[in-house]
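Trainee: Sequence:
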Amino acid sequence: MKNSRRTFIKQSIAVSLGFSGLSHYLASCSGGGKATNVAENLPVSKEWIDLPEGFSAKIISRWGDTMSDGFRVPGLADGMAAFSVDGNVVLVRNHEIGDNQEYGPFGTDQTLMNGLRKEDFFDYGFGKQPCMGGTTNVIFNEETQTVESEYLSLIGTIRNCAGGPTPWNTWITCEEDVTKASDLNETAHGYNFEVPATAKGPVKPVALKEMGRFNHEAVCVDPRTGIVYQTEDRHDSLIYRYLPNVPGELHKGGRLQALAIKEQASFDTRNHKEQAMQVGQALDTVWIDLEDTDPQEDDLRIRGYESGAAVFARGEGMWYGNEEVYFACTSGGKNKTGQVFKYIPGEFEGTEKEAENPGKLVLFAEPNDQELLKYCDNLTVAPWGDVVLVEDDQDSYMRGITPEGKIYNIARNIGSQSEMAGVCFSPSGKTLFVNVQKDGLTFAITGPWDKLRA
408 MKNSRRTFIK
418 QSIAVSLGFS
428 GLSHYLASCS
438 GGGKATNVAE
448 NLPVSKEWID
458 LPEGFSAKII
468 SRWGDTMSDG
478 FRVPGLADGM
488 AAFSVDGNVV
498 LVRNHEIGDN
508 QEYGPFGTDQ
518 TLMNGLRKED
528 FFDYGFGKQP
538 CMGGTTNVIF
548 NEETQTVESE
558 YLSLIGTIRN
568 CAGGPTPWNT
578 WITCEEDVTK
588 ASDLNETAHG
598 YNFEVPATAK
608 GPVKPVALKE
618 MGRFNHEAVC
628 VDPRTGIVYQ
638 TEDRHDSLIY
648 RYLPNVPGEL
658 HKGGRLQALA
668 IKEQASFDTR
678 NHKEQAMQVG
688 QALDTVWIDL
698 EDTDPQEDDL
708 RIRGYESGAA
718 VFARGEGMWY
728 GNEEVYFACT
738 SGGKNKTGQV
748 FKYIPGEFEG
758 TEKEAENPGK
768 LVLFAEPNDQ
778 ELLKYCDNLT
788 VAPWGDVVLV
798 EDDQDSYMRG
808 ITPEGKIYNI
818 ARNIGSQSEM
828 AGVCFSPSGK
838 TLFVNVQKDG
848 LTFAITGPWD
858 KLRA
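Counting in our numbering, the sequence shown runs from 408 upward without gaps.
I should point out that these hints are in silico values taken from the structure, not numbers from a laboratory.
All C-beta atoms, glycine included, are put in the ideal place defined by N, C-alpha and C.
Only pairs whose alpha carbons sit at most 27 Å apart, straight line, appear in this in silico BS3-like list of lysine-lysine:
#: 1; residue 1: Lys845; residue 2: Lys535
#: 2; residue 1: Lys743; residue 2: Lys680
#: 3; residue 1: Lys607; residue 2: Lys837
#: 4; residue 1: Lys813; residue 2: Lys680
#: 5; residue 1: Lys607; residue 2: Lys465
#: 6; residue 1: Lys525; residue 2: Lys611
#: 7; residue 1: Lys760; residue 2: Lys669
#: 8; residue 1: Lys858; residue 2: Lys813
#: 9; residue 1: Lys525; residue 2: Lys616
#: 10; residue 1: Lys813; residue 2: Lys767
#: 11; residue 1: Lys767; residue 2: Lys669
#: 12; residue 1: Lys858; residue 2: Lys465
#: 13; residue 1: Lys465; residue 2: Lys845
#: 14; residue 1: Lys760; residue 2: Lys749
#: 15; residue 1: Lys535; residue 2: Lys587
#: 16; residue 1: Lys813; residue 2: Lys837
Ranges between beta-carbon positions, derived for each pair:
#: 17; residue 1: Glu698; residue 2: Ile751; range: 20 to 30 Å
#: 18; residue 1: Glu759; residue 2: Phe533; range: 41 to 51 Å
#: 19; residue 1: Glu670; residue 2: Asp493; range: 43 to 53 Å
#: 20; residue 1: Ile751; residue 2: Glu509; range: 37 to 47 Å
Modelling step: build the complete structure from the supplied sequences, incorporating the hints.
Mentor: See the structure below:
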């Protein structure tokens, strides 16, 4: 391994709890590839995720297993969120699948697809090559730490990467794809879809087209205003917000805008060539109205930038917490190893009086040091107020960032070269959920969270 115990816990990282199994793993392994000797139905996984002493990770869902509805657990689990429904935790989980039948929910010969109708799919692919992306709902009993049921809740989309929870108990799932309609695809892609946590099976797939057609990544909702903020996974991406006509009813239309820096048109936040933005610096913002938000070409960000919108380096995970919007830019910074921003909404956010107290964009973290942070992706806000994120890298960590900007380690993926994804806490804060994407595993992690930063 390229990282030693000494560099893993670096002096500048605010850590008080060590990783009990890490030094043993580093001493006994030279690779770090997927563990192939994990027993079936392994209740506690120490072969996959290394954690601080007192914490444990349990596999609760596995790609290819049979779900309660008779379909198979789809692969490539990505973004997700946890909701409270009827005394249980409900995970709504994305699957970043295109038309790859291997990862789909219908088995290798696709015979299970006969259990659905054409209209259950957003894109049936003319019956020849249906799109296999979508979501599953997992009903989890937090007291017993067991899954009570899991089932398909959306199907027929492409590359459902991330998304975000809403205050009205739904999950916005986002297509990280801009495939056009063709002789293979019945419809264009590049949209958001809404999936209720209470769904009991596949919901009618309705594209929220006024939220924009682009290479979506994640969203979050400010519960005070109902405004939806969005990221885009491109090297020259924008940050968007959607002002719904009716808060909480996104399908009733609204206005799409892009974030810009006040009096600094087309500002480059990426810091690749020069340090245009300093860590901790707060810049006043304005929001630019966008036209033709459902374009045939993938040019929304290009037109937005030409109109003065700020540019970002691969906007990915996004989460609302502490009355702020946090989001990751995977390839930002001088070394292109990642940035974390926060947007602080103004007092009159989204109204005609917005200019009196504009929202502020703050560069929250940019260490330019892979030992501290690299290629940050999905993120959430912990019950104690810290940002918790996972990395899109073969040697991936789960990190925490305090409000003061200090970075510490929470977990490390030691059983696979896949990224971790979909990090989120249960509503009670007792359980943290995360996926190991390419291996199709969902974990429930428990332990003394209240002592993590003691």
